[in-house]
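Make a model of the complete structure from these sequences and hints.
Keeping their order, the protein sequence lines are chains P and Y.
Residue numbering for the first sequence follows this note's numbering, beginning at 1 and increasing consecutively.
Residue numbering for the second sequence follows this note's numbering, beginning at 1 and increasing consecutively.
No wet-lab data here; the hints were simulated from the structure.
Model, not experiment: these values are computed from the prediction.
Yeah, the Cβ is synthetic: ideal placement off N, Cα and C, and Gly gets one too.
Watch out, some of these pointers could steer you wrong.
[Unchecked claim] Straight-line distance between alpha carbons at most 20 Å, and here's what the computed DMTMM-like set of lysine to aspartate or glutamate pairs gives: (1) LYS125(P) - GLU97(P); (2) LYS210(Y) - ASP261(P); (3) LYS131(Y) - GLU383(P); (4) LYS125(P) - ASP152(P); (5) LYS390(P) - GLU127(Y); (6) LYS315(P) - GLU127(Y); (7) LYS214(Y) - GLU189(P); (8) LYS210(Y) - GLU189(P); (9) LYS131(Y) - ASP306(P); (10) LYS165(Y) - ASP271(Y); (11) LYS390(P) - ASP305(P); (12) LYS136(P) - GLU189(P); (13) LYS315(P) - GLU95(Y); (14) LYS131(Y) - ASP305(P).
[Stated by the list, open to error] Covered stretches of chain Y (chain P as the covering partner; in silico rule of three or more C-beta atoms under 8 Å from a C-beta of chain P): (15) 95–104; (16) 119–126; (17) 141–153; (18) 210–223.
Residue-level listing of the chains:
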Amino acid sequence: MNIEISNGRVICPKNGVDRDNASVYIAHGRIVGLGEAPKGFVATQKVDASGCVVSPGLIDLGARLNSIEAELAAAVAGGVTSVVVPPDADPPLDEPELADRRVHRGEEIGKARVLPLGALTLGLKGERLAELAGLKKAGCVAFSQASRPVVDTEALLRAMEYAATFGFAVWLQPQDHWLSRSGIAHEGEVASRLGLAGIPVAAETIAVGSIIQLVRDTGCRVHLTRISSAAGMSLIQRAAKEGLPISCDVGIHHLLLTENDIGYFNPHARFVPPLRAQGDRQALSDVAAAGGAAICSDHTPVGADDKLLPFGEAKPGATGLEVLLPLTLKWAEAAGVSLPAALARITSAPAEILGVDGGSLAVGAPADICVFDPQASWQLAPEALRSRGKNSPWMGYMMTGKVMHTLVDGRIVYST
Amino acid sequence: MHNPQLNNKGELTHLLSTEGLPAAILTQILDTAASFMEVSSRDVKKVPLLRGKSVFNLFFENSTRTRTTFEIAAKRLSADVINLDITRSSTAKGETLLDTIDNLCAMDANLFVVRHASSGAPYLIAEHLHKIGRDDIHVVNAGDGRHAHPTQGLLDMYTIRHYKKDFTQLRVAIVGDILHSRVARSDIHALTTLGVPEVRAIGPETLLPKYLDKLGVHVYHDMAEGLRDCDVVIMLRLQNERMNGALLPSAGEYFRHYGLTPHMLAMAKPDAIVMHPGPMNRGVEIHSAVADGPQAVILPQVTFGIAVRMAVMSIVAGN
Chain P
1 MNIEISNGRV
11 ICPKNGVDRD
21 NASVYIAHGR
31 IVGLGEAPKG
41 FVATQKVDAS
51 GCVVSPGLID
61 LGARLNSIEA
71 ELAAAVAGGV
81 TSVVVPPDAD
91 PPLDEPELAD
101 RRVHRGEEIG
111 KARVLPLGAL
121 TLGLKGERLA
131 ELAGLKKAGC
141 VAFSQASRPV
151 VDTEALLRAM
161 EYAATFGFAV
171 WLQPQDHWLS
181 RSGIAHEGEV
191 ASRLGLAGIP
201 VAAETIAVGS
211 IIQLVRDTGC
221 RVHLTRISSA
231 AGMSLIQRAA
241 KEGLPISCDV
251 GIHHLLLTEN
261 DIGYFNPHAR
271 FVPPLRAQGD
281 RQALSDVAAA
291 GGAAICSDHT
301 PVGADDKLLP
311 FGEAKPGATG
321 LEVLLPLTLK
331 WAEAAGVSLP
341 AALARITSAP
351 AEILGVDGGS
361 LAVGAPADIC
371 VFDPQASWQL
381 APEALRSRGK
391 NSPWMGYMMT
401 GKVMHTLVDG
411 RIVYST
Chain Y
1 MHNPQLNNKG
11 ELTHLLSTEG
21 LPAAILTQIL
31 DTAASFMEVS
41 SRDVKKVPLL
51 RGKSVFNLFF
61 ENSTRTRTTF
71 EIAAKRLSAD
81 VINLDITRSS
91 TAKGETLLDT
101 IDNLCAMDAN
111 LFVVRHASSG
121 APYLIAEHLH
131 KIGRDDIHVV
141 NAGDGRHAHP
151 TQGLLDMYTI
161 RHYKKDFTQL
171 RVAIVGDILH
181 SRVARSDIHA
191 LTTLGVPEVR
201 AIGPETLLPK
211 YLDKLGVHVY
221 HDMAEGLRDC
231 DVVIMLRLQN
241 ERMNGALLPS
251 AGEYFRHYGL
261 TPHMLAMAKP
271 DAIVMHPGPM
281 NRGVEIHSAV
291 ADGPQAVILP
301 QVTFGIAVRM
311 AVMSIVAGN
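What follows is the structure, encoded as structure tokens:
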């Protein structure tokens with residue numbers, strides 16, 4: 001099918017394109033023209049994008065797919081065309097066969113692309129290495145422990161050496177096991193006031209420090225996920241400047257919320273890592289604005305009952321796939337970041353971290369596209385979400401930015 | 001932010017924390033408690049204020065002392081008191097906290113007295129009652145995790161006012177494991193709200209929460225220095241599980257540095273009073289000579305506690 005998306009504001013952050021009233025031409029699952037139709041192009045379908053932005057599809061660096069069908073539908077409804085799935089499913093993704101099955105199930109559903117992260121260690125226990133090469137062959141894009149730290153530093157060193165042997169990337173959420181195991185909130189003013197066991201910033205900086213040293217020693221390419229503190233982020237930026245193969249991302253909620261949003265024990269403000277202080281949020285925002293970190297949804301759907309509990313017993317996390325775009329726009333507006341620069345954080349930056357050729361509208365790129373109305377507003381309500389996870393600190397809020405069409409592989413997989 | 005303890009007229013409808021309550025409400029509770037002190041001295045120790053009402057004691061965590069004082073207080077108000085030992089019943093069978101609450105609402109409860117191991121649990125219950133349209137049911141927090149124990153905080157204020165009259169001239173020291181203490185948090189908020197100009201916290205760094213200064217508290221690590229010229233000394237219980245391990249090397253070393261001995265107490269004003277929420281660990285945080293000495297007001301605290309709990313229950317149930 002040949003598709004022409006016309007009259008939109010076409011933004012491709014990777015190639016510095018920002019053109020009003022331009023058309024994007026799609027054939028055979030790829031972008032074949034931008035602005036001008038290629039010779040002999042006849043559109044079999046036209047999409048009118050008047051008043052809309054035509055952007056590369058969003059690439060979400062962290063989304064849990066508890067019920068894969070509903071969550072992949074949620075992804076494309078949120079303009080997300082590729083989702084990186086952490087391995088902490090039940091059972092953990094530590095065998096090639098499991099990865100294979102997950103990838104095939106994703107293809108069968110045919111909505112967003114599923115990019116699984118394989119377990120770095122068997123059962124995510126941090127002890128024995130999983131079959132990394134086998135997992136890679138089955139479609140895993142990198143290897144991770146999800147949010148479970150490797151306690152044994154020797155096991156981590158060996159895992160990174162082994163991954164470096166094959167040129168595989170390792171994704172780690174930097175959290176010191178000992179300093180984070182009993183805490184439920186940022187060790188700050190709010191936790192002190194509310195009597196919540198604290199997780200100090202050192203839980204992050206100690207882990208970041210160890211990992212940086214191991215990267216220096218092994219040359220392993222490492223992506224650090226869900227950075228929460230100013231101090232942790234500053235260590236990472238310094239290491240990246242030093243030329244080490246390190247990248248990082250930030251969950252969108254950590255760019256907008258702080259420990260103060262816990263209010264009177266709001267379980268929807270419980271996250272791993274925890275929401276930290278205003279100064280931390282500001283530092284993360286500054287780095288993201290300067291292009292030093294990608295942004296992801298950290299989509300974690302949980303059942304309603306899992307949040308109807310006292311703060312410390314409630315499951316952490318929030319639904320994210322369908323709010324990643326509006327919340328990123330909200331952050332950009334507050335932080336004074338231009339629309340193309342904001343879109344880069346959720347399209348080209350994640351593509352670069354993954355080393356895939358998505359996240360771009362260049363001729364020849366896969367036609368993964370998000371068409372959204374940047375002015376349209378809608379209210380976040382449980383029934384507005386396709387995700388099974390209705391858990392959000394933003395429930396009831398107005399969201400600005402509405403996805404109108406999503407294309408994956410040149411197919412329209414979602415339309416409002 | 002909406003304060004879940006107050007109704008839309010600004011009256012106390014639940015008592016969840018001493019934080020965020022206006023001084024006028026704290027004073028109203030203390031004044032009401034004073035009027036109930038007389039009831040306790042009568043032959044028939046009863047007033048009919050809660051006649052026909054049902055008070056449910058929901059103790060998700062063990063406690064004999066607090067539960068008993070709430071029970072006595074409710075009975076003196078002529079309420080029907082139902083004690084539920086939940087640690088051994090429904091939640092052990094997998095029922096959630098809010099399922100339990102729904103069931104008890106169906107049994108025509110009027111007031112829940114809640115103790116729970118998780119900070120914030122009474123807030124969850126109060127919010128749930130509002131959501132299901134049962135604003136007629138009240139919640140009194142009898143201790144949640146490390147967060148708050150507001151009736152203990154208020155009975156401490158009652159005790160201080162009884163002996164010292166004017167809050168605005170006092171220096172008050174709170175000594176010990178403040179990190180894990182819901183009593184300390186409730187005391188701190190009540191003291192600062194009632195106008196105490198100097199609240200001190202004394203303890204080793206491992207037992208003090210971070211950013212205590214943001215609560216208006218002066219931190220001391222040296223006991224003698226911290227007690228100097230204080231009018232009130234509030235000792236906290238050191239739980240057994242804190243005595244060994246990474247927080248403290250031993251009960252003995254703790255007592256040598258932070259135990260209240262007659263010698264240490266001499267640093268405070270000669271007429272300083274010594275309080276303790278109980279149960280005491282003699283020889284761990286307090287020397288017997290002090291616990292049984294003339295400056296200790298630990299037993300009067302218990303007596304005042306009944307009047308304060310009567311006051312709280314009658315006020316919330318009346319609003």
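Outcome of the hint check:
no.	hint	in the structure
1	LYS125(P) - GLU97(P)	19 Å, holds
2	LYS210(Y) - ASP261(P)	19 Å, holds
3	LYS131(Y) - GLU383(P)	19 Å, holds
4	LYS125(P) - ASP152(P)	10 Å, holds
5	LYS390(P) - GLU127(Y)	19 Å, holds
6	LYS315(P) - GLU127(Y)	19 Å, holds
7	LYS214(Y) - GLU189(P)	7 Å, holds
8	LYS210(Y) - GLU189(P)	7 Å, holds
9	LYS131(Y) - ASP306(P)	17 Å, holds
10	LYS165(Y) - ASP271(Y)	13 Å, holds
11	LYS390(P) - ASP305(P)	11 Å, holds
12	LYS136(P) - GLU189(P)	44 Å, violated
13	LYS315(P) - GLU95(Y)	17 Å, holds
14	LYS131(Y) - ASP305(P)	15 Å, holds
15	95–104	holds (count 3)
16	119–126	holds (count 5)
17	141–153	holds (count 5)
18	210–223	holds (count 5)
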